[in-house]
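Enquirer: In case you want the letters, here they are:
2 protein chains.
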Amino acid sequence: MSESLQTPTSTVKRGPKRAQYDAETAYNIIDSTLLCHIGQQVNGQVFVTPTCHWREGDYLYWHAHSKARNTHGAVKEAQKVCINICELDGLVLARSAFHHSVNYRSVTLFGIPETIEDYDEKVRHFELFINKVSPDRWSQLRPVTDQEVLATGLVRIKIDEASVKLRAEGVIDDEADMDWPVWAGVMPLAKQWQPLQQDSAQNKDYLAPQAPKAI
Amino acid sequence: MSESLQTPTSTVKRGPKRAQYDAETAYNIIDSTLLCHIGQQVNGQVFVTPTCHWREGDYLYWHAHSKARNTHGAVKEAQKVCINICELDGLVLARSAFHHSVNYRSVTLFGIPETIEDYDEKVRHFELFINKVSPDRWSQLRPVTDQEVLATGLVRIKIDEASVKLRAEGVIDDEADMDWPVWAGVMPLAKQWQPLQQDSAQNKDYLAPQAPKAI
Numbered sequence: 001m002s003e004s005l006q007t008p009t010s011t012v013k014r015g016p017k018r019a020q021y022d023a024e025t026a027y028n029i030i031d032s033t034l035l036c037h038i039g040q041q042v043n044g045q046v047f048v049t050p051t052c053h054w055r056e057g058d059y060l061y062w063h064a065h066s067k068a069r070n071t072h073g074a075v076k077e078a079q080k081v082c083i084n085i086c087e088l089d090g091l092v093l094a095r096s097a098f099h100h101s102v103n104y105r106s107v108t109l110f111g112i113p114e115t116i117e118d119y120d121e122k123v124r125h126f127e128l129f130i131n132k133v134s135p136d137r138w139s140q141l142r143p144v145t146d147q148e149v150l151a152t153g154l155v156r157i158k159i160d161e162a163s164v165k166l167r168a169e170g171v172i173d174d175e176a177d178m179d180w181p182v183w184a185g186v187m188p189l190a191k192q193w194q195p196l197q198q199d200s201a202q203n204k205d206y207l208a209p210q211a212p213k214a215i
Numbered sequence: 001m002s003e004s005l006q007t008p009t010s011t012v013k014r015g016p017k018r019a020q021y022d023a024e025t026a027y028n029i030i031d032s033t034l035l036c037h038i039g040q041q042v043n044g045q046v047f048v049t050p051t052c053h054w055r056e057g058d059y060l061y062w063h064a065h066s067k068a069r070n071t072h073g074a075v076k077e078a079q080k081v082c083i084n085i086c087e088l089d090g091l092v093l094a095r096s097a098f099h100h101s102v103n104y105r106s107v108t109l110f111g112i113p114e115t116i117e118d119y120d121e122k123v124r125h126f127e128l129f130i131n132k133v134s135p136d137r138w139s140q141l142r143p144v145t146d147q148e149v150l151a152t153g154l155v156r157i158k159i160d161e162a163s164v165k166l167r168a169e170g171v172i173d174d175e176a177d178m179d180w181p182v183w184a185g186v187m188p189l190a191k192q193w194q195p196l197q198q199d200s201a202q203n204k205d206y207l208a209p210q211a212p213k214a215i
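First to last, the sequence lines map onto chains A and B. All residue numbers for the first sequence refer to the working numbering, where the first residue is 1 and numbers rise by one. All residue numbers for the second sequence refer to the working numbering, where the first residue is 1 and numbers rise by one.
Incorrect hints may appear among the rest.
Pairs involving identical chains hold if they fit within one copy or between any two copies, as the list cannot separate such chains.
Within a straight-line C-alpha distance of at most 30 Å, the following computed DSSO-like cross-link-like pairs (lysine-lysine) qualify [what the hints assert, rightly or not]: (1) Lys-191 <-> Lys-132; (2) Lys-204 <-> Lys-158; (3) Lys-204 <-> Lys-80; (4) Lys-122 <-> Lys-204; (5) Lys-122 <-> Lys-158; (6) Lys-80 <-> Lys-158.
Worth flagging that the hints you see were computed from the coordinates, not collected in a lab. For clarity, every value in this text was computed on a predicted model and none was experimentally measured.
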């Protein structure tokens, strides 16, 4: 078992049997996904913003326009945001409506966003992000300009307060329902990369980009 | 163009060119997806909770344990929550890091949750939900019990304050980069239902469940 991410805020109240708090499991979900949902308050109203994330060590990173709501500049006070990453892995079709469920992997993180202003550190992280999206791509690209680096905000939270919820199993029905005459089981869901669509402005065969490990 | 869902709160500040506010487009995204992310405050802390949703008319519905954080009972004051639904449709791989993007469909809704306590209305909605998850399934199931209906909370918000953001196009690079020697284009992403996994406790061939239109 790796480091525990359990705190009073990250403790799961509903369905605690499906909850866990070890960092390794959280990292696995973070690294195998592309999209997270950031929840924060602006003038007392909650906003939930989807964006792409990446991880280095025990920090979760994202980027945004340097004037965007979810970079630190736009949030005046130090506010603990909540970030959820959830992948739906299948439908669990039970013999009763009540026992229907879904298989999923979900991690919920809490932390105070920290903006990174250092130019070289920003560039180093944009490289990590691009290479998460498509391995080895960064070195093939037209190099970034100063203006692009300045226009792009880099934000992170420490991954030290989080919970994981997982369901990855078959149907669980009441004993009394086991002979009910209806199909029961799991309808799994998967994501798949589709055939590449090259820009029609290109008429050369460049090396095809690699698909990411995350999906 | 159907009814507009634009309000000061739902007006998109970043990337307004990709924003739209017509109800029809929002409904299409809501109906073609299963998972939403609900953002709300509890004692000043934001929580983002993933759950499944469905729609009837101009209301978005979800369910939860009647004691859960995201049913109205647990939130004492009338609070405007924020719900986002976002589907990632592909990676947009440009010639420069800066112009990398994603194709996606996202709808962000705001509203004050309303709990529905009427027994028959709850049952009618659980039927809509089950049949969204697998068409025609409700009538085949072991009927719900009073206890199950009481234990399950039903919540809705009116869909009258929302925004849609969409990107569904190819790569957009700087004119000066068009001859940069790197593959550029779109790597599309799709979700697909996988072969059914019948509960091993069943040794009969029941009618296979239908996959939902939403995914």
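Enquirer: Compare the structure with each hint and give your call.
Expert: Structure-based check of each hint:
In this homomeric assembly, Lys-191 and Lys-132 come within 30 Å of each other (Cα to Cα) both inside a single copy, at 17 Å, and across copies, at 20 Å. In this assembly of identical chains, Lys-204 and Lys-158 lie within 30 Å of each other by CA distance neither inside one copy nor across copies; the values are 43 Å within and 51 Å between. In this assembly of identical chains, the alpha carbons of Lys-204 and Lys-80 never lie at most 30 Å apart, being 48 Å within a copy and 52 Å across copies at closest. For the homomeric pair Lys-122 and Lys-204, neither the shortest alpha-carbon distance inside one copy (32 Å) nor that between copies (59 Å) is at most 30 Å.
Taking CA atoms no more than 30 Å apart as the test, Lys-122 paired with Lys-158 passes inside one copy only; the shortest distance there is 17 Å, against 41 Å between copies. Taking the shortest Cα distances, Lys-80 and Lys-158 sit within 30 Å of each other both inside one copy (11 Å) and across copies (28 Å).
In summary, the structure is inconsistent with hints 2, 3 and 4 from the numbered list given earlier, while agreeing with the others.
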